[in-house]
Structures are given as C-alpha cells and as structure tokens.
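Residue numbers (our numbering), protein chains in the order written: chain A, 1 to 321; chain V, 1001 to 1321; chain H, 2001 to 2339; chain D, 3001 to 3339.
Worth flagging that the hints you see were computed from the coordinates, not collected in a lab. Glycine included, every Cβ here is placed at the ideal spot set by N, Cα and C. A couple of the hints might just be wrong.
[Claimed, not checked] Distance ranges between label pairs, derived from CB positions:
| # | chain 1 | residue 1 | chain 2 | residue 2 | range |
| --- | --- | --- | --- | --- | --- |
| 1 | V | Val1321 | D | Glu3257 | 15 to 23 angstroms |
| 2 | A | Gly136 | V | Glu1023 | 49 to 57 angstroms |
| 3 | D | Lys3258 | H | Pro2205 | 49 to 57 angstroms |
| 4 | A | Tyr251 | D | Pro3316 | 26 to 34 angstroms |
| 5 | V | Asp1189 | D | Glu3257 | 50 to 58 angstroms |
| 6 | V | Ala1299 | D | Asp3064 | 43 to 51 angstroms |
| 7 | V | Val1321 | D | Glu3200 | 20 to 28 angstroms |
| 8 | A | Val305 | D | Arg3327 | 54 to 62 angstroms |
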Amino acid sequence: MSIPQEKLLRLYRQMVAIRLFEERVNDLYTRAVMPGLAHLYIGEEAIAVGVCEALRSDDYITSTHRGHGHCLAKGAKPHLMFAELLGKEAGYCKGKGGSMHIADPATGNLGANAIVGGSAGIATGAAYASKYLKQGRVAVCFFGEGALGQGLLYEELNLSQLWKLPVIFVCENNGYNEYTHFSESTAGDVSARAAAFGMANETADGQNVREVYGVASKYIERARRGEGPAFLQFKTYRYHGHHVGDVARAYYRPKAEEQEWVTQRDPITLHGQWLMDNGIAARPALDAIQEELIKEMDAAVEFAVSAPYPDPSKVNQDVYV
Amino acid sequence: MSIPQEKLLRLYRQMVAIRLFEERVNDLYTRAVMPGLAHLYIGEEAIAVGVCEALRSDDYITSTHRGHGHCLAKGAKPHLMFAELLGKEAGYCKGKGGSMHIADPATGNLGANAIVGGSAGIATGAAYASKYLKQGRVAVCFFGEGALGQGLLYEELNLSQLWKLPVIFVCENNGYNEYTHFSESTAGDVSARAAAFGMANETADGQNVREVYGVASKYIERARRGEGPAFLQFKTYRYHGHHVGDVARAYYRPKAEEQEWVTQRDPITLHGQWLMDNGIAARPALDAIQEELIKEMDAAVEFAVSAPYPDPSKVNQDVYV
Amino acid sequence: MSETAAPPLQATGVRELTFGEAIKEAIAEEMRRDPKVVLMGEDVAEAGTTFKVLLGLVDEFGKDRIIDTPISEAGFTGIGVGAAMTGMRPIVDIMFGDFLMIIMDQVANQAAKIHYMSGGKWKVPLVIRATMGATRRSAAQHSQSLHAWPSHIPGLKVVVPSTPYDAKGLFKAAIRDDNPVVIFEHKISYKKVKGPVPAEDYVIPLGVADVKRAGSDITLVALSSMVQTALGAAKMLEEVGINAEVVDPRTTWPLDEKTLVESVKKTSRCIVVDEGYFRYGITGELASVIQEQAFYDLDGPVRRLGAMHVPIPFSPALEDVTVPSERQVFDLARQMCNR
Amino acid sequence: MSETAAPPLQATGVRELTFGEAIKEAIAEEMRRDPKVVLMGEDVAEAGTTFKVLLGLVDEFGKDRIIDTPISEAGFTGIGVGAAMTGMRPIVDIMFGDFLMIIMDQVANQAAKIHYMSGGKWKVPLVIRATMGATRRSAAQHSQSLHAWPSHIPGLKVVVPSTPYDAKGLFKAAIRDDNPVVIFEHKISYKKVKGPVPAEDYVIPLGVADVKRAGSDITLVALSSMVQTALGAAKMLEEVGINAEVVDPRTTWPLDEKTLVESVKKTSRCIVVDEGYFRYGITGELASVIQEQAFYDLDGPVRRLGAMHVPIPFSPALEDVTVPSERQVFDLARQMCNR
Ligand SMILES: Cc1ncc(C[n+]2csc(CCOP(=O)(O)OP(=O)(O)O)c2C)c(N)n1
Ligand SMILES: Cc1ncc(C[n+]2csc(CCOP(=O)(O)OP(=O)(O)O)c2C)c(N)n1
Ligand SMILES: [Mg+2]
Ligand SMILES: [Mg+2]
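Work out the full structure, taking the sequences as your base and the hints as a guide.
What follows is the structure, given as structure tokens:
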C-alpha cells in the first residue's frame, strides 16, 4: 500500500512528539516535579502512531497504564497532558486522573486504564454502540501482552466476534509483564488465542510504523465495513523501565538486549532513514521537525509547571453527574 | 483399547445407577418432597461414568450445578446424596449444601459448584498441590460448554499448561446454556480455545461410554506421567429441562431434536446393545442389574425421606474451622 | 415524601401489579420512550430471564434490544460500561446478585470511577440489575443480598425497592439517571408482593425515603423484603398497643438521612432491619447515621437485625432461621418499648 | 491483651524492623517451619513484589515456593483455593488491594463458603495478601482500602495490622489458621512504620484487640495506618489536657467487641477512624457495636472519620484531603471533650 507523502511525514512527526514528551516526563520525575510514577512509551511509538493514523478522529480508543503515546497519537494536546501528569487543574482530568487515566471525549479517547485488561469491555461496548447507532465508528483497544492473562479479554473476544462488532484488539507485545518475560507467563501462541474465536488476526513488526499503519488500516476499514473485529499483535520493546522508577533492570533483562533494540530497531531512526533513502525528506527537514517539536514540548512543560493545583474544595465534585 | 469385561459391565451399571437416581430426583421434585430445584444429568451419563472409571479413587474431581452424575460416578453413596438433596442432617453436607454443592473428601470430590466455571481454579489448584506434593493424583474439572463464556477458564488453561499441571478439563457440550443454543453464545471452535494455549485436546462422542473411557484414560495417564493437562470435549444432550422445573421447552429446542437423542443416541441403550451384540451380557443379566439398582435406589430414597432435618441450632456451625 | 407512598390520586388506571410486573412495565415504558435503552443478559429474550420477569418484552422490542448474552457477566457488563459512555443507556441483567462478585471490577473500579477520573468528562448512564433474597432453597451461592458492597463505593447509586409502586418509579429514575445505578430486585417479591401501580408515567427521585407506615412509638427502618417484614411486625405490635413507624430509605445511596433521623427523633426508638449479612453492611451504616444525629432523642441504643452472619444454608430447617422474621422484629420492638 | 502491645520481655533479640521487614520475616519463618507454605503472585520472586517487600525470599526458598504468576489474579487465587483444600497452605499475593475486585468470586463465593457448604468436610487454609492505603499519588484504581468488603462476608477472617510487631504475629497466625484469611498491608507503612520485633517465633491470636495507648477521656478506635494517626492526635490532645485511649481491633473479623466496649464504657466518648471509604464500611459496624453495648455510658454519639466518600484523586492537592488527618481527629476529639 502506498502512503501519501504528507502522511509519511506526519507518522515521523508524531513518533518524535511522543518520544520528546516521554523524555520530559522522565525528567519531571527525576527532578521530583511529577507526583507518583509513570510508564514510558519510549520505543513503542510506531504502534500508537501507526494505528491512530489509520483512525478517524471520531473513532474510539481505550488505553493503558502505558498510555501517553496512545493519547498523543489520537490527538491529545501535550500541555493539557503535562498539566494532568502534574496534578494541575488545567489537566485533561482536572488533576483527578493523572498519568494512568488521561481521557478526552474530543479525541475519542475513552480513557487510559490502570487495571490491566480493564478496558477490553469498554472498547467492545463503544464498538457495540457504534454498530447499534449505525455510526460507522471503530474502537481500538490497546493493551500489553500481559493482559493476555486476564480472563475478561477472552470474554470480549468471544462477544465481539459473535456480534461482529467494529473493535480492534491491539496487543503491544514488548516482551515483558513488569519484571517477568512474557514467555514465563504465556503458554502457546498469542494470535492463536484470537483465531480460536474465529477472529481475524495478524502479527506484525511494531517497530516499522509504515507496516503498523498498513496492517491497522486494513483491519480498521474491514471493521468499518461491518465485517467484524480483529486482533493485531505488534512486536515491540520498551527502552526504559516498567515505570520511571525501574532503573536497575539487569536482574530481569540483559543490557545487551536493550541495546540491540535501541540501536538496531528504533522506530524513529528506522523511519527517518527510510524517508531519506526514499528521497521524501532530507536530514535538515527531519531536524527541523524535531526542533519545532522540542519548542512545543518545552512550552507545554512550562505551561504545566506554572499552572495552579486544583482547589481542595474541588475534591468532591465530579463524583456524580 | 480393549476394556476388561467386568469394567464394561461396571460402566453399564454406573450409568443405570445415575439414570435411576435422577429419575427419583425428578419424582421427589414433582411430589414436592425436595426443596428447591435440581439439574438432571439424564442423557449425559456416559461422560461422568467413562471419565471417573479412568480415575483412581484418590484422584480429584470438581463438579457443576448438574453434578449428581459426577458425584455418583466418583463413588458417592446414593442414600447420603438423597439425604443432602432433601436437606437432611444425614446428607453429605449435613443439609447445608444441597443439590449444587455435594462434596466428599472420601471420594476426592472437591465439590459441585453453583457458579458456572467457578471450579476451574479449584481443580487446577488441586492438580498443582498433587504435583508439588508429588502425589501423582490427577484432577478432573467437569463443566458445561456454557462455562466457555467465563474468563476464569482461560486463565486456568494458561496457568495449567504453563505449569504442566495434571488437570483434565472436561467440557460436557450438551448444546445448550440454559435456554440458549450454544451456537448463539460461542464463536469459533471450542477445542481450538484449548489448542491456542498449546494444550492437548480431543473431541469425542459423549454418548459412547467406551469411547469416553478410552479418551479419558489416555489423557489422564498422560497427565499422571507429568506430561501436562488436557482439554476434552464430549458432545452430549440433556433429555430433561435445564432444571426440573423447565418443562415447556418447545420455545428453545424442538421436540424432534429431543426425541432423536433419546431414541437414537441414548448411552445406556447403546452400551447395553453393544454388550449383547458382543456376547458380554444377555438381556436378562442387564435387567438383573437394573432390578438390583432399583431396589438400592428406592431404599436410598426411603432412607432420605425418613431421615431427620438438622436442628436449627446447627445453622452457625461449620462457618469457621 | 409520603405522597409517593400511595399512587397519586389523579393517577389514570391504577392496577394491582406484582413486583415483577411493575419492573417489566418500567423497562418497557422506558424502552418505548428512548431507543437508546437496551437490556442484555443471559436468557433475557425468549426465556424472559430465569425468573420469567421479562416474558414478552422481546416480542415488542426484538432481539436487538433485548439481548441474550453468553455466560460472561464481566464481559457484557464491560460492554454496558463502554456503550453507556458512547451514547447508549444499557441495562445489564446479571440474574443472581451473587454473580456481582464476578463483575465488581467493571462496576466498582470502572463504571463507578470513570466520571470522576475523567474530571467529569465522561459519564456512564448504566443500570445494573441484580437480585437478592434467600429462602428459595438455592443455597450459599444463589441467595445472597449483597447491596452493601456497591453502597460502599463512591460513584455508584444503589436502589433497593420494596413495593411494585416504588419498583416502577425508581427503576424509571435509574434508567434516566446519568450515573451508574445498581438495582437490587427481591426474587421472592417478584410474584409474592402485589400492589397498586399507575399505568401512567411517573418517576420516584433517587434519595427520597418513604414512610410506609406512620407511627409514634418506635421506628422500624427497613429495605426491600424487610419492609414487608416490618409492616407485619407493626401489625402485631399494634395489637399490644405499640404504634410503630416503618421507614423505607428505598435507596442506600443517595441516602435520605433527614427522613430517617426525623422519624427517630419523633419515636426515640429504632430498629434497622435488612436481609443482607449482618456485619459491616447496611444496618451498621444506617444505625450509625441515626445515633449520630438523633442520639439525644434516643431512649436507648439503635438496634439492628440482619441476615445471620453465616453462608446461606440449603436446608429449609436452617435457611429459614437466617432471615429476620416478623416475630424477631416484634419481640425486639416490644422489649425496647418495654410492654 | 496489652502484653501483646509491646514485645514480651523475655524476647530474644528484639530488633527495630520496618512494617515490610516484619511481614517478610513472618513469611520466611512460616515457610521454614512448614514446606506446605508457598507464595504466589505477580513478580514476587526475583523482583520481590512491586513493593520490593519480599526481596531475597526466592533465594532461600526457590522459584517452586516463591512463584511468579501471569497477570491472572482470579486464576491464581482459584489455584490457591484448590491447593489449600488439598494439603497446601498457599499465600496468594494480589499486589494492589484494588484488584480484590477481580477475585471476589474466588474469595467470597468459593473460599469463604466451601467449609460451610461441605458441612465442614473441606477446609481452605488460604492467606490472601492485599495492600491498602492512599497518598501514593496512584489515583483511583491503585489507592483503595477495601477491607470492609471481605469483612462483610461470613467465612472469611480479615487482618488489618498497624505495627511491625502486630504484622509479624498476626501474619504467622493467619498462615497457621485453617480458614481463609485476607490480610491488608498498608503500602506507606512498609517503609515508614518502624518498631521493635522479636527475632523469636510468636503468634498473635486473631480476634484480640490491642490498646495502643491507655487513656481515660476518650477512646480512639483505629485500624492500620489510622492507628498512627490516632496516636499522633493523642499526643496533640495530651497538650490540651485530654488523655485519649487508642484501641486497635487488629482484625475486623473475628472482632474483639469486648475490648472496644470496655474502653468506651470507661471513657464515655468514642471516635472510630478508618482509611476505607466512609459509607457502609468499617466505621459503621464498629460505631454500631459500640453504641449498642455502651450506650448508657456514652456522653454523646459515637463519631466516625473515614476516607472521604469520593474515588481517590491523583492530584496531591486533592488526595491529601481525602484521608483522615491527626488534625481532624484532634479537632473532633477536643470538641467532644469540650475543652
Ligand atoms: C489487574 C491488574 N493486575 C496487575 C496490575 C499491576 N501491573 C501494572 S502494569 C503490569 C504489567 C503489564 O504488562 P503488559 O500488559 O505487558 O504491559 P506493559 O507494561 O508491558 O506495557 C502489572 C502486572 C494491574 N495494574 N492490574
Ligand atoms: C457465573 C454464573 N452465571 C450464570 C449462572 C446461571 N446458570 C446456571 S446453569 C447455567 C447454564 C450453564 O450451561 P452449561 O455450562 O452449558 O451447563 P449445562 O446446564 O448445559 O449442563 C446458567 C447460565 C451461574 N450459575 N453462574
Ligand atoms: Mg508487556
Ligand atoms: Mg450446556
């Protein structure tokens, strides 16, 4: 499938934006400016970007504890996300949600979720509503391979296939559930688990943003046509710790393995190289994109840091409609 | 596989015993002697009998809401079961459990369960203990195909395969979840759901007790050798309603369908015929077995009906050890 | 409040309906009003639920709106949550309230918190139907009354109706509410409890208690099936000259503290009766609220009667003694009024 | 009871340990005593749990006894139930107490009822480790204190320790108990709370409250983290001449009513403080029990302080006001003692 030039450049820009965003999150944590913890998406950018590029703005997504990339790729504004991460009133959730609960109706983001696999039903329900209301919207459920351990996922695979709902289950297989290699937690074959329900499925390289975009587009449009759900597995890797505090990782994964992915499989480097090799953009153009985004992200952090905290009196608002 | 003669006869006897037991349960309900409801196993006898015949007496089973057949096949005494069904002190559970909770450590019966799929973890846990304690015991988890809707089952399939536990998942597919045909609740292929976890699996005729016994023996011994769990699907049919009160069934399944199974696929008739065709037993011998069991069952009902109810003061005993 | 105790006088066509019929009518009326209302659960369509309460609805609304599901309570409750966020008003039916234990993450970690976690941006207009009540000889896993659990969780509303009139009005309010609402229907009441119900459309606001019987000597606070028990006890008490007031909160959350407290301030005595497990449940909260706010008007401690703190046994000889009886309420009330 | 408040004098080698170290020591000692004790959960082995509390245990006991599981809380809890029935003494670790919502069927429909449903024939010596406590900036799904839920269910025992000494003694008792026990460990206390712990083997029986501070003017009943809060408030109260008694039930079930009631009869005033949601939870039951049994000795109503009845917010500016503070306890106590 041939991807128009400006799309190819947007794929690059979006990945860089997420990378820069997450680097600043890590910095805010290290400088003790951010309360709590955060799970960085660095290394996995191609999945969120490739999938969301294939979605309409009124399509839905559900996200995870590692959700910043999904939210940004679906159109979230960095300054409102930083504000939420810092617990400020100006944040997407007025500071009530934080890193693991960014939600935004304006961009179809049904919310990140701190319960592993917890959003499988929500995404399936949004797909059900879209079908019932004949809206032609598709819902994407992002989840890590660790969610394969949650029974709820299988109930939703069965229900969505049975009812031919326009939901796409996107398994981001980064090889680890927290500090455990997924081979120690996962028997058999991942995609066979979807195939068992008669669900369309495909496994692809999560570090190649064009491949992700291509595969996602194919199944998203299929779902939009009413031909049913799909299960997509993308092989990827998280460069940083399970969360920002997970720095000494040698006991559960070799440094060499990390190095190999960072140096050989980086989705941004690979796509940038491809853009240059194919004469779509020269280095200066790519650098310019990065420069521009750095300014944007620094300004966004600025905004968030100087934004006020919510007044304590707001604590019991928004409990009920 | 060739089955010794006395085993072939015991298979017949056990099936007849369950049939006669259940007929009396239905009668006790109809005559308003039994409190509450019960789910009859009539039509499915070959599965419990074939599987339990392949088990050691110290092996474990977990049972379901439709559990009388499993309990009897594993060695439960009819008079103590009838007593439990009538809520009498002499019952297996002192009247505290009733039809859906018959349990008996003496026969390795970990208990029937009123939560669909609720015993998948218990059976897997018993298999785990057997492996850890090096006891060589196998645990069988009986469940109806409706339990395929419960996420817990998939968690246990993954865990038991991952840890190579000696547990056998026996899916009794009688085609209906209560009043809904399983095709309306089940997407894809049933045994593929186990295969997806890399689990050994086989589908067989649940009306042929010799076939059930053969398949069960093969996988039970394999599990006992430490080669891991298995998933067995047996196709069967329940002759009566979902429970004793479900009499007008035409709205969810055709009378003709019921008739076909009752007249063409009855496990007792088929095995009896086979025994005669193969010169293992003549009609009089089979009739004798039946006569003897009728006496035993009637005596068991007698015992239960005349047994006393527990004293109300016992109500708060057995809450804690 | 008391105008909701009996049907409004101007009510057109008041019929005598059973508790179950009133619930079915509420659902049917709301489904006619609003095409976004759908109901899903196991065997809800042709079978009309295990309790046969919804028989016939599928004929009017079809299988796209009265939806049979696989045996996946967590799965379809999750679908209900997502559908509620995206324009629907789903009712999920989990049959036996005991099965709440399977769906609590979807109910209490997801549905209850989404509005708050999103800073008020998403809402979840979901109704969860659950049943409650023992003495059906269904044993420990099919007889529980678990309304205390969702009542403990901020973000949920909990409805526990006792009469056909209340059931219709409260159920309609629950469906129109923009928050997740768990409604507990008493199984035995489905057929056993009858009462006048207007054919017309009416809603009973959530959070308004109802005085089911006015009295002056003692207040009996009761929910669901225990309202009938309390009314029965009140009759017995009348014969010994004790005039009991029976107050039904109707919803555990929001909670109409004012009506409860005013009644007790008036009578100076109170027994809270509930069919849920006795410990760390409904009676503890209600008794605490009352003693906190009416302490100086109380003659003695607020007393409580709940289901015996044991798993519910199968044998009739045992099960019947686990649920508070008219006799127990009568004896305790009489002793408190020392007559 | 009070002899358990401080380590027995004859204690050999009393060390200062953190709350987390005491729990690890209890588990290690029991695993040495009894090969049938195993522990399973997510990242419990090399990672020593998400909270690092069990670091090193796997080196001594190996991966067959400190078992890493998939992210299947219901799945491995079910395995724990079955294994407990068949000769093991498993400890299942569900990490954040919020995940209890995923396993409640296995805990409350299965483990809690099996002994009773089987007429006493099967037993389930299972320990379920859960955490509780807010102010870690983990937001609504990782900060709850849900000890009220299992406390509502007959058949379960519920342990809520507040000090390292109690944690070790109660955890060992829980492991040796033949019933299913849910133990709630306060996350912040793991590192923050330190105290003397004997190196020797000792158990604290479940169902025995402990007077953490003797006093005469008012009784502060508190559990877990709130014991520290109550003790802090007691210090502040001392400065204004109010002598507060702090009573820690230590287990919500079995419940040592006697010790609570005796204290309140003596002081005639009581505040119950808990970190769980305020409504239909721990404080309601404890306040009810106390007013039922000590009513005529009470100066005024039993008062309650619990976590604000809202989902737990992320922002520090909001989260901190949801948990009862020393200041709140102090102000309320002072007002009640009108000084
Ligand atoms: C139900 C549940 N169990 C456990 C956790 C704790 N936890 C948070 S993230 C995580 C690992 C998730 O691994 P994976 O799904 O592969 O996502 P990744 O972190 O690799 O992106 C765990 C166990 C949780 N949040 N929810
Ligand atoms: C978790 C749960 N959901 C629903 C029910 C109600 N229920 C009891 S039996 C049954 C149907 C079970 O069908 P299947 O598993 O095929 O067993 P069968 O009755 O056909 O033997 C249902 C829905 C239940 N007991 N537990
Ligand atoms: Mg992962
Ligand atoms: Mg079936």
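Which of the listed hints are not met by the structure? Numbers 3 and 8 - these are the hints that the structure violates, sorted from lowest upward.
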